[in-house]
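Trainee: Sequence:
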Amino acid sequence: MDNTLFTTVAAAATSLMEMNKILISVAAAGVACKYLGSMWNTYEAYYGDGGQARYTRFLLNEVRPDLFREITQMERATFNNLVEELTRNGLLKNGRSILVKEQVLIFLDIVCHNNSMRQTAVKFRRGLFTVTRYFGKVLDSLIAIYPNYVKFDMESCKQPKEIAKNPKYQAFKNALGAIDGVFIPAKVPAKAQSPWQNRKHFIAQNVLAAEVLTTPEYLTMRPQKASTYRKRNTSWLTPDMAFSKV
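Residue numbers for the sequence shown follow UniProt numbering, beginning at 1 and rising by one.
Quick caveat, the hints were computed from the structure, so don't treat them as lab data. Hints may be right or wrong, so weigh each one.
[What the hints assert, rightly or not] Think about it this way: if two alpha-carbon atoms lie no more than 25 Å apart in a straight line, the pair counts; the simulated BS3-like pairs of lysine-lysine are:
hint, residue 1, residue 2
1, 158, 101
2, 151, 187
3, 168, 187
4, 151, 137
5, 158, 168
6, 137, 158
7, 151, 161
8, 168, 151
9, 93, 123
10, 21, 34
11, 137, 93
[Said to hold, decoys possible] With beta-carbon atoms standing in for the labels, derived distance ranges:
hint, residue 1, residue 2, range
12, 94, 25, 42 to 50 Å
13, 185, 116, 57 to 65 Å
14, 202, 133, 30 to 38 Å
15, 202, 80, 42 to 50 Å
16, 97, 75, 43 to 51 Å
17, 161, 116, 28 to 36 Å
18, 128, 25, 38 to 46 Å
19, 189, 162, 31 to 39 Å
20, 152, 111, 20 to 28 Å
Glycine residues also receive a C-beta, built at the ideal position from the N, C-alpha and C atoms.
Make the full structure from the sequences, and use the hints.
Mentor: Written as structure tokens, this is what we have:
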């Protein structure tokens with residue numbers, strides 16, 4: 001009987017010790033999480049500045065008119081009218097921490113200076129997702145008001161019958177104005193294919209310009225190797241190719 005009681009007491013003591021170990025482990029983990037959380041809060045976000053919009057306030061409140069024009073490629077009055085137009089029509093609204101003016105400034109910074117989304121995110125100290133989202137919203141809003149300000153003369157836009165019925169020009173179907181940066185598949189001898197291979201790994205020539213000259217029937221194209229296009233070489237590698245009049 002004594003042995004049974006002793007065994008029971010020993011088992012109970014062992015269970016209590018195991019329980020204490022578990023409680024101690026849980027308490028230690030909680031303290032560690034709280035400590036790490038306090039340390040994490042001391043670090044600043046990589047992009048965000050807490051909604052202070054310092055660069056935006058600098059552009060809107062402190063910058064000189066000529067510098068504002070250089071940065072945004074438009075006069076301040078034009079910028080204000082654009083923001084008012086987009087806001088009045090309900091196309092853009094103030095976000096939780098980003099105003100319509102900053103949304104438009106972000107868009108202009110990208111399109112006017114050919115900056116990447118990440119470059120603009122660092123400059124405005126905004127998240128990359130935020131910059132991407134508002135860039136899309138501003139772009140959609142400009143497309144929405146585009147018909148109000150851009151009017152085509154439909155008579156002059158009609159395609160000549162000589163071109164419409166000629167299969168030679170089918171490659172440019174529905175193309176209006178200039179064609180830039182278009183990769184057209186090319187047939188090149190095997191030994192000379194390397195410079196003509198583009199980033200998508202097919203042989204092509206890059207059309208840097210397709211411009212209509214004095215008459216709609218005459219088209220001039222300036223092709224360039226894909227590899228040279230990547231190097232941003234502005235020289236023409238081949239003579240102009242001209243489609244003669246029909």
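Trainee: If a hint holds in the structure, say so; if it doesn't, say that too.
Mentor: Hint check results:
Restraint check for residue 158 and residue 101: not satisfied, since their Cα atoms lie roughly 39 Å apart, outside the 25 Å limit. For the hint pairing residue 151 with residue 187, the CA-to-CA distance comes to about 40 Å; that exceeds 25 Å, so the pair is violated. Restraint check for residue 168 and residue 187: the C-alpha separation of about 17 Å stays at or below 25 Å, so the hint holds. A hinted pair counts as satisfied when its Cα atoms are at most 25 Å apart, and residue 151 with residue 137 qualifies at roughly 23 Å.
Of the pairs offered as hints, the one joining residue 158 and residue 168 holds, with about 18 Å between alpha carbons and a cut-off of 25 Å not exceeded. For the proposed pair residue 137 and residue 158, the alpha carbon gap of about 33 Å is over 25 Å, so the pair is violated. Our distance criterion of 25 Å between C-alpha atoms is met by residue 151 and residue 161, whose separation comes to about 23 Å. For a cut-off of 25 Å, the pair hint linking residue 168 to residue 151 is broken: about 29 Å separates their Cα positions.
Proximity of residue 93 to residue 123 is assessed by CA-CA distance (about 22 Å); at most 25 Å being required, the pair is judged to hold. The suggested pairing of residue 21 with residue 34 holds, with an alpha-carbon distance near 20 Å, which does not exceed 25 Å. The suggested pairing of residue 137 with residue 93 holds, with an alpha-carbon distance near 10 Å, which does not exceed 25 Å. The hinted window of 42 to 50 Å between residue 94 and residue 25 holds, with their beta carbons roughly 49 Å apart.
Between residue 185 and residue 116 the C-beta distance comes to about 28 Å, which lies outside the given range of 57 to 65 Å. At roughly 33 Å, the beta carbons of residue 202 and residue 133 sit within the given window of 30 to 38 Å. Range check, residue 202 to residue 80: Cβ separation about 47 Å, and the 42 to 50 Å hint holds. Checked against the given bound of 43 to 51 Å, the beta carbons of residue 97 and residue 75, roughly 27 Å apart, lie outside it.
As the Cβ distance of residue 161 to residue 116 is approximately 45 Å, the hint placing it in 28 to 36 Å is violated. In this structure, residue 128 and residue 25 meet the distance hint of 38 to 46 Å, their C-beta atoms being roughly 39 Å apart. At roughly 34 Å, the beta-carbon separation of residue 189 and residue 162 lies within the given 31 to 39 Å, and the hint holds. A hinted range of 20 to 28 Å for the beta carbons of residue 152 and residue 111 is consistent with their spacing of about 22 Å.
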